[in-house]
Amino acid sequence: MSWIPPLLVAIPLLAAAVTAGLDHVTPEPLQDAIVVAAATATTALAFLLLWSSEGHEVVHWFGGWQTRGGVALGIDFAVGPLAAGMCCVIGVVVTLALVYSLTFMKEAARLFDALMLAALGAMCGFAMSGDLFNLFVWLELMAVAAYALTGFLVERLGPVQGAVNFAITNTTGSYLFAIGIALLYARTGALNLAQLGQTLAHGRAGGLVVVAMTLLLCGFLIKGAVVPFHLWAADAYAVAPAPVCAVLGGVMTDIGLIGVARLYWTVFVAVDRGGAIGDVLLWLGIVTAVLAGTMAFLQRHLKRMLAYSVVSHIGVMLAGIGLLGMTGLAGAELIFLAHALLTAGLFFVAGILHADHGAIDELRLRGRARGCWVPAAAWLAGTVGLVGTPYVGIYLGHSLIDESAAAWVVPLLWLGSALAGAALLRAGARIFLGWGDADDPLLGKPFEEDPHERDILRPLLVGIAVVAVGAGLAISVVPGLGQRAEYAAERFRDRGAYVAQVLRGRPMPPPPALPVSVLHTSLDSLLYGGGATVFAVALALAGLYRRRLPNFVSAAGERTLGPPVRVLHALHSGVVGDYVTWVVVGTAVTGAAWAILLR
Amino acid sequence: MSYLPYAVAAWICVVGLFGVATSRNLIHLAICLTVTQSSSYVLLLSVGYVKHGGAPIFKGTKPGSTAVDPVVQALTLTDVVVSVAVVALILALALDAHRLAGTIDPDGLADVQG
Amino acid sequence: MSRRVRIAVLVPALAGLGALFAWAVAGLPAFGDYRGPYGYVLNRIVVPLRHTTNVVMGTTFDVRGVDTMGEEFILYAAVVGVTLLLRDEVSTRRVERHTRRLRSDATRLVGVLMVGGGLLVGLWLAAFGYVTPGGGFQGGVVLAGALLLLYVVGSHRDYRVFRDEHFLDPLEGLGAGGYVMVGLAALASGTPFLTNLFGLGTTGTLASGGSIAVLNWASALAVTVAMLLLFAEFLKTYETPLEQDDPGS
Chain A
-4 MSWIPPLLVA IPLLAAAVTA GLDHVTPEPL QDAIVVAAAT ATTALAFLLL
46 WSSEGHEVVH WFGGWQTRGG VALGIDFAVG PLAAGMCCVI GVVVTLALVY
96 SLTFMKEAAR LFDALMLAAL GAMCGFAMSG DLFNLFVWLE LMAVAAYALT
146 GFLVERLGPV QGAVNFAITN TTGSYLFAIG IALLYARTGA LNLAQLGQTL
196 AHGRAGGLVV VAMTLLLCGF LIKGAVVPFH LWAADAYAVA PAPVCAVLGG
246 VMTDIGLIGV ARLYWTVFVA VDRGGAIGDV LLWLGIVTAV LAGTMAFLQR
296 HLKRMLAYSV VSHIGVMLAG IGLLGMTGLA GAELIFLAHA LLTAGLFFVA
346 GILHADHGAI DELRLRGRAR GCWVPAAAWL AGTVGLVGTP YVGIYLGHSL
396 IDESAAAWVV PLLWLGSALA GAALLRAGAR IFLGWGDADD PLLGKPFEED
446 PHERDILRPL LVGIAVVAVG AGLAISVVPG LGQRAEYAAE RFRDRGAYVA
496 QVLRGRPMPP PPALPVSVLH TSLDSLLYGG GATVFAVALA LAGLYRRRLP
546 NFVSAAGERT LGPPVRVLHA LHSGVVGDYV TWVVVGTAVT GAAWAILLR
Chain B
24 MSYLPYAVAA WICVVGLFGV ATSRNLIHLA ICLTVTQSSS YVLLLSVGYV
74 KHGGAPIFKG TKPGSTAVDP VVQALTLTDV VVSVAVVALI LALALDAHRL
124 AGTIDPDGLA DVQG
Chain C
-2 MSRRVRIAVL VPALAGLGAL FAWAVAGLPA FGDYRGPYGY VLNRIVVPLR
48 HTTNVVMGTT FDVRGVDTMG EEFILYAAVV GVTLLLRDEV STRRVERHTR
98 RLRSDATRLV GVLMVGGGLL VGLWLAAFGY VTPGGGFQGG VVLAGALLLL
148 YVVGSHRDYR VFRDEHFLDP LEGLGAGGYV MVGLAALASG TPFLTNLFGL
198 GTTGTLASGG SIAVLNWASA LAVTVAMLLL FAEFLKTYET PLEQDDPGS
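Chains A, B and C are the protein sequences, given in the same order.
Just so it is clear: in the first sequence, position 40 is 35 by the numbering used here, and no numbers are missing.
Just so we're on the same page, the numbering used here is the position in the second sequence counted from 1, plus 23.
Just so it is clear: in the third sequence, position 134 is 131 by the numbering used here, and no numbers are missing.
Just so you know, the hints here were simulated from the structure itself, not pulled from any lab data.
Some clues are possibly wrong.
[Unchecked claim] Chain C is faced by these chain A residues, among others (derived, beta-carbon under 7 Å):
1) H19
2) G59
3) A104
4) V149
5) L152
6) P545
7) G572
8) A588
Beta carbons are placed, not taken as given, at the ideal position from N, Cα and C, and that holds for glycine.
So that you can see chain A by itself, here it is in the shape it has in the complex:
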């Protein structure tokens, strides 16, 4: 089955070349069919790859360049069940987004499709690659496609600003990543991840390795919108069309974290001392989860709110990875699965609201969607799944992270997803039920609305949103998924077996027989999940009916929370110079932290 990995990249890329190249020649329905067929074929092959990677890593050496004497000469794709699972989710979300966009956007459709397919191929390549520079190439391809897709609605300044901020911030991160590659190459003379890990396993981490690691990991953290590198995310998601947001927020941002995990477990685990690398990641994750959750609550723009919700879940996933254990990684994996589908579904609903009512402002939409039962149900279900109510959506992943996290970490992570969930619940209640005050100065000033498509096939859009949300909710209760996620995480962390298979072709031991049942979670997690749900509902109601709170509560709230909120709003200034400054600060501080901890 080793012929599948290259196809996951070749099919979307070839389809992208054909789509844009034959733009003026072929009739439109045929082009639509080619695009959807390519995306569906890629997704189907990804599932086939998932099934075949259970027993052993599927390794494909490009050009037939196998290793010689322990030196890897060519580039390889080495796919375990975790990476294959990523490709499946990526394929599903992109396919749904492409079908959604068939009717959602009419102009420049072929260019749009070509870029989405290029992004699909790049993301799959990134998930599968076993070579450091190859990771950079796929990172850049998905980034370039994303920058252009973000600026799609060029009639307004907002998309241009969002695209500029996105492009410059992420490109800075990529260039730092390239410097990191050069440094690591100088030390090891290799670019293959397995070989890098082998070379670094002998000897201490000198300054060179620590700085290279900082640059490499920060490059991925910028892509993954982790605080303080997250500032571009809300600007970009606010202005991109809904199907693009679904792909960006659902999968493309998360995939940066998979890169971090891959680099850690294959290359840098040998130079880690006392889990210091993971500790910094854990701290970054916690700060991200809480800060982004707070920012989500302060938004009135639905897509910005969803952007901050994405970032807060990224924080939870990063914390899971930073715990450095099997359950933490498995939890991050399951959160990724659920969160990708649920977020995509919510973005699809936001797109429907925008098309129906011409607004994306929570306050302007107040009560306008009363009676739209199906989108309302999808929105509510998606929100509940993202909060982590027991046994739906991200709950299973979150509970796995709880198992290995310290006692003080767990409530903070639940707080992050509860805050974001509260914001989404508040917005849903205001829009679909008409609850709440008509204005709320906490949420900032009104903004100019972007133009929207009117001529859409609404049942198709609603159907896709329902499918995405339904699939996302089900992740916690699919029998056997939890155990398989744990096994995939165990395989992902096993550097010895990875190296043996990639560099020496030695097959792995056969997998254990995994039960097909729903994973049992601890009572603590059930309580946290239930508590988070209650908290989210309470906070949403408080947000809706702020004026009716007793005066002393409001005054106390204004005194304690007012200044920090103003500072937060000021920091998210929309100006790219500030963003790059924070990138430099974040890189320097993270590097200093690792320098001190790993010396």
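Mind docking chains B and C on chain A? Use the hints.
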């Protein structure tokens, strides 16, 4: 002298980042990004240099003679293409910004914020 | 943040980053003291195994060929992206077909010689890319530059075909898609993706390298056409050529 190329690379990176963060013109910013990227070219090519080594092109030279590392040259080639792609996009965005906002000052583009 | 605050935060952060770089550089091997096995092994084996004397191109198109495929598509995505972003930016300034830009005949003569020379150099760089210094990318860029020089030197009519998307788009797709097809052909024949399957020929001649030669030309085509498309998109924002013949000329 043997660390000068690396110091040059580090300096170019730092200066480029300063330019990117404080630029008042999107086109200038694109060039600053290119400058930052070029620090990685300098670093890559310096890392691959072999003392007294010739070019890794063996037409007319004896195969087996000392040559510098060809891999970093291939990587630099790819990096250059990446840089072209990004600069092209940022220039296109600068044109759009000028049409829509009348300015290409990144500080003046803050349409969405918070 | 105001500019003053931004610079006040930025400068210490850059100093910190610089300190980290200095610490890293201290651990680097001295300049000229390349140790790693990768480069040495490739310098030894690429010429006998692939019959290409330019080991850099042999690495780019064969050993690390899939990186180059990704890179082609980065350029492709950038071209598609620029087309997407500039689709509203059409200038209203129409130009006459026969307007020449340069008034001086002497300058135009020099320019024409440069165009001719540039085309020859570009073609030579691309054609002999895998034998002597050069390559598909380098040749493609020089070719595109020479053609843009044609825009400066010649009349609008001379350059018109190089701005025509109906002509350029399929070529771009062919260049990028062709690369993938070569890889898929290898896969279809049972070997790994992008295996060099064509005859390897004689070292040091044009007929060497097998699929490296094919990929080299595919890249040259893709890069030339990509640059021409970028020029066309940007030129469209300054002037729009007249579409049909005017009978009065």
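Legend entry - Status of the hint placing G572/A at chain C (closest C-beta pair under 7 Å): holds, 6 Å
Legend entry - Cut-off 7 Å, beta-carbon criterion: hint that V149/A touches chain C: holds, 5 Å
Inset, instruction - Using Cβ atoms only, decide whether A104/A comes closer than 7 Å to chain C, and label the hint accordingly. - result: violated, 11 Å
Inset, instruction - For the hint on G59/A, just tell me whether its beta-carbon gets within less than 7 Å of chain C. - result: holds, 4 Å
Inset, instruction - Report holds or violated for the interface hint on P545/A, using the least CB-CB distance to chain C and a cut-off of 7 Å. - result: violated, 37 Å
Inset, instruction - Would you check whether A588/A satisfies its interface hint, that is, whether its CB is within less than 7 Å of any CB in chain C? - result: violated, 11 Å
Inset, instruction - Would you settle whether the hint for L152/A is holds or violated, based on the nearest Cβ-Cβ distance to chain C being less than 7 Å? - result: This hint is violated: L152/A lies away from chain C, its Cβ roughly 13 Å from the closest one there, beyond 7 Å.
Inset, instruction - Go through the hint on H19/A and say holds or violated, using the shortest Cβ distance to chain C against 7 Å. - result: holds, 6 Å
Violation of the numbered hints given earlier is confined to hints 3, 5, 6 and 8; the remaining hints are satisfied by the structure.
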